[in-house]
Amino acid sequence: MTVVPNHDGAEVEVLHLHYNRLANYMNVAVLACLVYDILLTLPREVSLVWFSRWTIPKLLYFCNRYVPVAIFVALLIVNTDMNIPNHEYALFAVNQANPLLTCDSGVPA
1 MTVVPNHDGA EVEVLHLHYN RLANYMNVAV LACLVYDILL TLPREVSLVW FSRWTIPKLL
61 YFCNRYVPVA IFVALLIVNT DMNIPNHEYA LFAVNQANPL LTCDSGVPA
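Here UniProt numbering is used: position 48 in the sequence shown is 48, and no number is missing along the way.
Simulated from the structure, these hints should not be mistaken for lab results. One or more hints might be untrue.
Here are the computed distance ranges between Cβ atoms for each label pair [what the hints assert, rightly or not]:
| id | residue 1 | residue 2 | range |
| --- | --- | --- | --- |
| 1 | Ile77 | Leu15 | 20 to 30 Å |
| 2 | Arg21 | Ile71 | 13 to 23 Å |
| 3 | Ile56 | Leu15 | 37 to 47 Å |
| 4 | Phe62 | Tyr36 | 13 to 23 Å |
| 5 | Val12 | Thr80 | 36 to 46 Å |
| 6 | Pro43 | Val12 | 48 to 58 Å |
Computed from a prediction, not measured in an experiment: that's the story for all the values here. We treat Cβ as the ideally placed atom computed from N, Cα and C, and that holds for glycine.
Take these sequences, add in the hints, and give me the full structure.
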């Protein structure tokens, strides 16, 4: 069994933001690879697949080829809803990790 260390709410939220950002970077990388592959093979796909008659293998080919692109686009749209700029994300992470830095007077409480 995995033991999960006790974190307060702020640390968990910072970790959530961090891992969400990492997941978005990975989704962009995968989407770029998929689109690059589609663009590289598009001329051959058009000539060999698009004008053939519709069969179950052709349907499976198109589902396997284009559904993952739609899924990764949807993941990016859903997961990038935070609208937190980089500098605000960094300040949030630092302030939540060390609450003494959030005093207005500059003197620790």
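Quick rundown of the hints versus the structure:
1. Ile77 with Leu15: 20 to 30 Å: holds (23 Å)
2. Arg21 with Ile71: 13 to 23 Å: holds (19 Å)
3. Ile56 with Leu15: 37 to 47 Å: Given about 45 Å between the Cβ atoms, the range holds.
4. Phe62 with Tyr36: 13 to 23 Å: About 18 Å separates the Cβ atoms of Phe62 and Tyr36, which means 13 to 23 Å holds.
5. Val12 with Thr80: 36 to 46 Å: violated (20 Å)
6. Pro43 with Val12: 48 to 58 Å: holds (49 Å)
When each numbered hint is compared with the structure, a violation occurs for hint 5 only.
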